[in-house]
Amino acid sequence: MKNIFVFGADEFNLSLIRSLESAQDYCFHELYQYHEVKTGKEFPVRTLYEGAVARLRKYPGSVDAIVGYLDFPVSTMLPLLCHPFGLPSPSFDAVLKCEHKYWSRLEQRRVIPEYIPDFCAVNPFKDDYQQQITLDYPFWLKPVKAVLSHLGFMVRNDSELDMAIAEIRKKIYCFAKPFNYLLQFTDLPDNVAAIDGYHCIAEAIISRGQQCTLEGYVFDGNLCVYGAIDSIREGQHGSSFSRYQYPSSIPQPVQDKMVAVTERFLTSIGFDNGPFNIEYYWEKESHHIRLLEINTRISKSHSPLFRNVDGMPNHLVMLALALGKQPVFPHRQGLYRYSAKFMWRTHADAKVTRVPTEQEVQAVTRRIAGTEIQLHVHEGMRLSELNYQDSYSYEIATVFIGGDSEQELLHKYQDVQQALPLELVPLP
Numbered sequence: 001m002k003n004i005f006v007f008g009a010d011e012f013n014l015s016l017i018r019s020l021e022s023a024q025d026y027c028f029h030e031l032y033q034y035h036e037v038k039t040g041k042e043f044p045v046r047t048l049y050e051g052a053v054a055r056l057r058k059y060p061g062s063v064d065a066i067v068g069y070l071d072f073p074v075s076t077m078l079p080l081l082c083h084p085f086g087l088p089s090p091s092f093d094a095v096l097k098c099e100h101k102y103w104s105r106l107e108q109r110r111v112i113p114e115y116i117p118d119f120c121a122v123n124p125f126k127d128d129y130q131q132q133i134t135l136d137y138p139f140w141l142k143p144v145k146a147v148l149s150h151l152g153f154m155v156r157n158d159s160e161l162d163m164a165i166a167e168i169r170k171k172i173y174c175f176a177k178p179f180n181y182l183l184q185f186t187d188l189p190d191n192v193a194a195i196d197g198y199h200c201i202a203e204a205i206i207s208r209g210q211q212c213t214l215e216g217y218v219f220d221g222n223l224c225v226y227g228a229i230d231s232i233r234e235g236q237h238g239s240s241f242s243r244y245q246y247p248s249s250i251p252q253p254v255q256d257k258m259v260a261v262t263e264r265f266l267t268s269i270g271f272d273n274g275p276f277n278i279e280y281y282w283e284k285e286s287h288h289i290r291l292l293e294i295n296t297r298i299s300k301s302h303s304p305l306f307r308n309v310d311g312m313p314n315h316l317v318m319l320a321l322a323l324g325k326q327p328v329f330p331h332r333q334g335l336y337r338y339s340a341k342f343m344w345r346t347h348a349d350a351k352v353t354r355v356p357t358e359q360e361v362q363a364v365t366r367r368i369a370g371t372e373i374q375l376h377v378h379e380g381m382r383l384s385e386l387n388y389q390d391s392y393s394y395e396i397a398t399v400f401i402g403g404d405s406e407q408e409l410l411h412k413y414q415d416v417q418q419a420l421p422l423e424l425v426p427l428p
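Heads up: the sequence shown begins at 1 in the UniProt record's numbering, then just goes up one per residue.
Don't take every hint at face value.
Distance condition first, Cα-Cα at most 20 angstroms in a straight line; then the derived PhoX-like pairs of lysine-lysine [to be verified]:
hint, residue 1, residue 2
1, Lys41, Lys171
2, Lys284, Lys257
3, Lys2, Lys325
4, Lys38, Lys177
5, Lys2, Lys41
6, Lys257, Lys300
7, Lys38, Lys284
8, Lys126, Lys41
9, Lys170, Lys41
10, Lys38, Lys171
11, Lys351, Lys412
12, Lys58, Lys126
Think of the hints as simulated: they come from the structure by calculation, not from any bench.
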């Protein structure tokens, strides 16, 4: 049996991986668990990197693949772990050209300038941060490395800029310090080396129209996109994700254009033998598409959606690539025509006074077919204690749903919300 090491493993995703038809041929090992990688106030990347390499080298059997489905720091570190063992992986530089937001925009401007916004780098710790910004209001301000829209701010005037900078100065260290540690493993171009993890990027607004994410991979230089998912947003600035819905409602010719732009960019940076998901906006009236960002991993948020609609989770793609094999992904062989991940949010801090028991959650999922529920809160906590939320909301639960129409998905979600005894008390 081949030995597969899962970096940042959690039981939900491990169960999806083990559901694959090929899983019986593999032995899965946890190379650190999710809570060791993601739940602290800081990312212990040096400990994780050195510890992972040591564990892999001490393992008495063969190391046949190293996989991960999490964002930073897992997706960033995977090439560094695969390379010493001669395992298939994109190069570290190709990954950074996607994940370092400023470097990525520089590369995009070189290859696909017509599909990106104006942007500039900002040092939030310098007093002249306002003078550094070459864009007119409004714009988005975010760290060059973060996750889940954390520390991303819509800035419309001087006072909002001051407020955003103050918040970024307080909290950016949790990404900047570990990201800078990883940057030492490559020789950065001078214009990128000057923009380390303690910097931000300001970008002109492109969040108009419909948002869509392509899931795909590159294998031996050939790009394949196997799914397109709509991202529906909510909130004051439309900055918080409400749900991901599969398959996308965007017309196929528009999706084809997105695929062509993606191929141009990934080919130019030498990205190969790895999965990706890439986010776009499409303006129906103008027919314009704009590239938001690229992630060098499968999206675990989409995994149950693919399973519900196509019959297999996208972990199949991740695993095949890690073993140096061409992925063969099914199409529309699942139980449902549509599937969505709903992110149950509230937009103000509150105290959690009641959460459903495991038995109550199971009763709801048994009654409402095609649902899975993950709670992110516990009784007695404040929502502001949740880690790595976006700047405008708190995600209190995730609900995966399968159905045969969009209307059925929405109806089931409303039913779940009404059925779960989840109680919050607003805080002053």
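Going down the list of hints, with the structure as the test:
1. Lys41 to Lys171: holds, 10 angstroms
2. Lys284 to Lys257: holds, 13 angstroms
3. Lys2 to Lys325: holds, 13 angstroms
4. Lys38 to Lys177: holds, 15 angstroms
5. Lys2 to Lys41: violated, 35 angstroms
6. Lys257 to Lys300: The given pair, whose Cα atoms are some 25 angstroms apart, is violated under the 20 angstroms limit.
7. Lys38 to Lys284: Status violated; Cα separation ~38 angstroms.
8. Lys126 to Lys41: violated, 25 angstroms
9. Lys170 to Lys41: Between Lys170 and Lys41 the Cα gap is close to 13 angstroms, so the pair holds against 20 angstroms.
10. Lys38 to Lys171: holds, 16 angstroms
11. Lys351 to Lys412: violated, 26 angstroms
12. Lys58 to Lys126: Answer violated: Lys58 to Lys126 is near 46 angstroms, above 20 angstroms.
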